[in-house]
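Given next are the chains, with one letter for each unit.
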Amino acid sequence: MSYFEASITVRRPRFDVAIDLEAAEGNIIAIIGPNGAGKSTVVDALCGLLPLDSGRVTVAGAAWEDVGSRLRLPPQRRSVGVAFQALSLFPRMTAVENVAYGMRALGARKSGANRVAAEVLERLGASEIAFTAAERLSGGQAQKVALARALAVEPHLLLLDEPTSKLDVMSQTEVRRSLLHALREFAGVTLWITHQPLEPLAVATEVVVMEKGRVTQRGIPTDLQLRPRSPYVADFAGVNLLEGRSTGDRVVVGGGTAVTVANAPLGDVFVVIHPNSIALHRQVPEGTPRNVWRLNVADIDYEGDRARVRLTGELTLVAEITPSAATQLGLADKGKVWAAVKATQVRTYPR
Amino acid sequence: MASGSGLRKARGEGAAPAVFLILALIAATFFLLPLAGLIAHAPWSNAIRELTSPATLDALRLSLVVSFSSLVLSFVFGLPLAWLLSRKRFPGRRLLRGLVLVPMVLPPVVGGVGLLTAFARFGLLGDTLARIGITLPFTPAGAVIAATFESSPFLIVVLEGGFSSVDQRLEGAAATLGASRVRILRTVTLPAMWPAVSAGAALCWARALGEFGATITFNGNIQGRTQTLPLDVYQTLQTNFDGAITLSLLLLAVALLILISLRGNLRVR
Numbered sequence: 001m002s003y004f005e006a007s008i009t010v011r012r013p014r015f016d017v018a019i020d021l022e023a024a025e026g027n028i029i030a031i032i033g034p035n036g037a038g039k040s041t042v043v044d045a046l047c048g049l050l051p052l053d054s055g056r057v058t059v060a061g062a063a064w065e066d067v068g069s070r071l072r073l074p075p076q077r078r079s080v081g082v083a084f085q086a087l088s089l090f091p092r093m094t095a096v097e098n099v100a101y102g103m104r105a106l107g108a109r110k111s112g113a114n115r116v117a118a119e120v121l122e123r124l125g126a127s128e129i130a131f132t133a134a135e136r137l138s139g140g141q142a143q144k145v146a147l148a149r150a151l152a153v154e155p156h157l158l159l160l161d162e163p164t165s166k167l168d169v170m171s172q173t174e175v176r177r178s179l180l181h182a183l184r185e186f187a188g189v190t191l192w193i194t195h196q197p198l199e200p201l202a203v204a205t206e207v208v209v210m211e212k213g214r215v216t217q218r219g220i221p222t223d224l225q226l227r228p229r230s231p232y233v234a235d236f237a238g239v240n241l242l243e244g245r246s247t248g249d250r251v252v253v254g255g256g257t258a259v260t261v262a263n264a265p266l267g268d269v270f271v272v273i274h275p276n277s278i279a280l281h282r283q284v285p286e287g288t289p290r291n292v293w294r295l296n297v298a299d300i301d302y303e304g305d306r307a308r309v310r311l312t313g314e315l316t317l318v319a320e321i322t323p324s325a326a327t328q329l330g331l332a333d334k335g336k337v338w339a340a341v342k343a344t345q346v347r348t349y350p351r
Numbered sequence: 001m002a003s004g005s006g007l008r009k010a011r012g013e014g015a016a017p018a019v020f021l022i023l024a025l026i027a028a029t030f031f032l033l034p035l036a037g038l039i040a041h042a043p044w045s046n047a048i049r050e051l052t053s054p055a056t057l058d059a060l061r062l063s064l065v066v067s068f069s070s071l072v073l074s075f076v077f078g079l080p081l082a083w084l085l086s087r088k089r090f091p092g093r094r095l096l097r098g099l100v101l102v103p104m105v106l107p108p109v110v111g112g113v114g115l116l117t118a119f120a121r122f123g124l125l126g127d128t129l130a131r132i133g134i135t136l137p138f139t140p141a142g143a144v145i146a147a148t149f150e151s152s153p154f155l156i157v158v159l160e161g162g163f164s165s166v167d168q169r170l171e172g173a174a175a176t177l178g179a180s181r182v183r184i185l186r187t188v189t190l191p192a193m194w195p196a197v198s199a200g201a202a203l204c205w206a207r208a209l210g211e212f213g214a215t216i217t218f219n220g221n222i223q224g225r226t227q228t229l230p231l232d233v234y235q236t237l238q239t240n241f242d243g244a245i246t247l248s249l250l251l252l253a254v255a256l257l258i259l260i261s262l263r264g265n266l267r268v269r
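For the record, the sequence lines run as chains A and B. The first sequence lines up with residues 1 to 351 when you count with the working numbering. The second sequence lines up with residues 1 to 269 when you count with the working numbering.
FYI, nobody ran anything at the bench for these hints, they're computed from the structure. Fair warning: this is a prediction, and the values are worked out from it, not measured in the lab. Check the hints yourself; a few may be wrong.
[Stated by the list, open to error] Part of the chain B face toward chain A, derived, beta carbon under 8 Å:
| id | residue |
| --- | --- |
| 1 | PRO43 |
| 2 | ALA47 |
| 3 | ARG49 |
| 4 | LEU51 |
| 5 | PRO54 |
| 6 | LEU57 |
| 7 | GLY172 |
| 8 | ALA173 |
| 9 | THR176 |
| 10 | ALA179 |
| 11 | SER180 |
| 12 | ARG183 |
| 13 | VAL188 |
| 14 | ALA192 |
[Unchecked claim] Some residues of chain B that are not near chain A, with every Cβ distance over 10 Å (derived):
| id | residue |
| --- | --- |
| 15 | ALA16 |
| 16 | ASP167 |
| 17 | LEU170 |
| 18 | GLY178 |
| 19 | LEU262 |
Every residue gets a Cβ at the ideal spot worked out from N, C-alpha and C, and that includes glycine.
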């Protein structure tokens with residue numbers, strides 16, 4: 001049996017939230033998904049604030065909840081640390097008092113608890129605000145205190161609900177760096193929930209994609225980026241995802257458009273085209289066997305050294321070219337372009 | 001810009017309309033006049049003798065004991081009731097809330113009669129209480145019961161509002177950190193609703209101090225046993241108008257003193 005095993009279902013007004021999770025000690029699971037996918041429901045269910053409708057949760061050999069045998073530990077008896085999305089820092093307490101709260105509740109003396117709390121704050125790079133009142137902390141500082149409060153009880157299960165989503169870009173980077181640093185010394189299982197999918201990819205041992213209460217895809221981070229199985233995952237991986245039926249060297253996708261491919265599996269497949277493998281031309285291109293579609297330029301986003309061109313027509317694609325190429329092609333005037341992709345640069349895998 | 005703000009003022013969003021000012025002034029005068037009258041008619045020469053008479057000292061002592069006992073009882077039984085009304089959904093909750101409000105709308109004399117029918121020897125619980133040696137009517141304990149009946153609803157109503165105003169996610173966070181329910185109440189919930197606790201306590205205590213109708217109906221007017229300051233004022237008024245004014249000023253002074261120190265203390269974290 002794994003260190004952490006959860007198989008839970010929670011009924012919700014619009015859809016049920018159901019998810020299976022499993023992890024070894026020290027692992028980090030990232031749960032990603034759009035807003036309203038039920039991610040916070042998973043947090044509330046695991047920490048015991050929301051009862052399960054079915055399923056069970058086992059952590060470090062102890063059953064926390066088992067609907068079948070009517071077992072349900074209250075939050076107080078679960079070794080859990082939660083950094084809530086709403087932070088929920090205690091007002092009228094300083095940062096250090098907030099962080100020490102859990103240790104005090106578990107019976108630690110005030111002086112000892114405050115000392116450990118100060119150390120945890122320091123580990124997160126927030127020692128200078130230790131004695132600041134909770135209501136006077138900035139967004140990034142408050143987030144660090146919330147993380148420190150969750151870590152300070154040395155829980156078996158650490159739940160991080162969108163730990164950076166409400167911060168500006170600068171504090172996001174700062175908080176993320178502090179968090180990653182603190183997690184290196186954390187022995188339990190971490191569940192990192194976010195709708196900013198790239199965030200936990202570097203450290204996660206598994207990424208679970210949740211949409212409308214269901215797991216739509218799961219795997220190691222690189223697998224998700226290489227083989228997205230839903231538009232949401234494709235979007236964060238930054239690739240074009242099409243679905244179609246393959247005959248080996250051709251895939252017919254929605255609308256009847258054919259995509260020429262190399263060595264595709266037969267039957268229902270996903271087709272992935274990376275935006276920077278799409279070449280754009282104003283004139284019909286010549287040369288090697290390739291896919292060529294005549295599409296409309298819908299709009300252009302400039303992101304640093306790249307221009308992302310959204311194309312519509314028989315296919316909806318995003319192409320990535322250099323800004324100077326966009327200027328040479330006169331894309332600002334919109335109009336029609338030829339989009340060309342080599343068959344060898346189209347990736348396919350079974351649905 | 002200038003014409004814009006002028007327009008706004010003309011519409012009454014800036015300055016108060018004159019008619020409002022006049023009506024508000026009349027209201028303020030209405031509250032001030034009786035106080036001014038008490039002070040203007042105060043028989044300062046006889047004040048010391050009146051204030052140090054045994055009847056007055058008895059009444060003062062009893063009033064303090066009764067009002068603070070009521071406050072404590074109201075907290076002990078009212079806090080859980082307020083929590084229940086605010087946080088739990090159960091059949092009959094609205095009925096229960098209405099029941100709590102009854103003493104606030106019931107004439108206190110009727111409340112006193114009701115207390116008699118419940119706790120006097122002939123009352124619903126009278127026999128039971130007598131068998132275990134408890135007599136309430138015409139005793140200091142009876143005065144506490146009457147004052148609590150009339151004053152605790154003020155505390156309960158305000159506390160219920162306070163409980164509802166607390167962000168329950170804070171309590172959830174405390175629970176995940178291992179805090180027991182009592183600890184959460186003490187360290188998170190009550191501090192977060194402190195304005196309600198302090199306002200409710202002040203209202204409840206003041207109402208208990210001023211309690212008259214239910215007390216005199218349920219307990220009579222026995223010096224040293226059930227004669228609180230308001231009852232003393234009433235009795236003195238029959239024969240000695242000056243004495244009644246002195247006692248009224250004493251009651252006023254006690255009320256102001258305690259309310260100021262109570263709110264001051266309760267405001268402190």
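Each hint tested on the structure:
1. PRO43: Check failed: Cβ of PRO43 (chain B) comes no nearer than 49 Å to chain A, outside 8 Å.
2. ALA47: violated (45 Å)
3. ARG49: violated (49 Å)
4. LEU51: violated (42 Å)
5. PRO54: violated (47 Å)
6. LEU57: violated (42 Å)
7. GLY172: holds (5 Å)
8. ALA173: holds (4 Å)
9. THR176: holds (5 Å)
10. ALA179: Check passed: Cβ of ALA179 (chain B) comes within 4 Å of chain A, closer than 8 Å.
11. SER180: Because about 6 Å separates SER180 (chain B) from the closest Cβ in chain A, which is inside the 8 Å limit, the hint holds.
12. ARG183: holds (6 Å)
13. VAL188: Check passed: Cβ of VAL188 (chain B) comes within 6 Å of chain A, closer than 8 Å.
14. ALA192: Because about 7 Å separates ALA192 (chain B) from the closest Cβ in chain A, which is inside the 8 Å limit, the hint holds.
15. ALA16: holds (33 Å)
16. ASP167: Given a closest Cβ separation of 7 Å, the condition is violated.
17. LEU170: violated (5 Å)
18. GLY178: Given a closest Cβ separation of 4 Å, the condition is violated.
19. LEU262: holds (20 Å)
Violation of the numbered hints given earlier is confined to hints 1, 2, 3, 4, 5, 6, 16, 17, 18; the remaining hints are satisfied by the structure.
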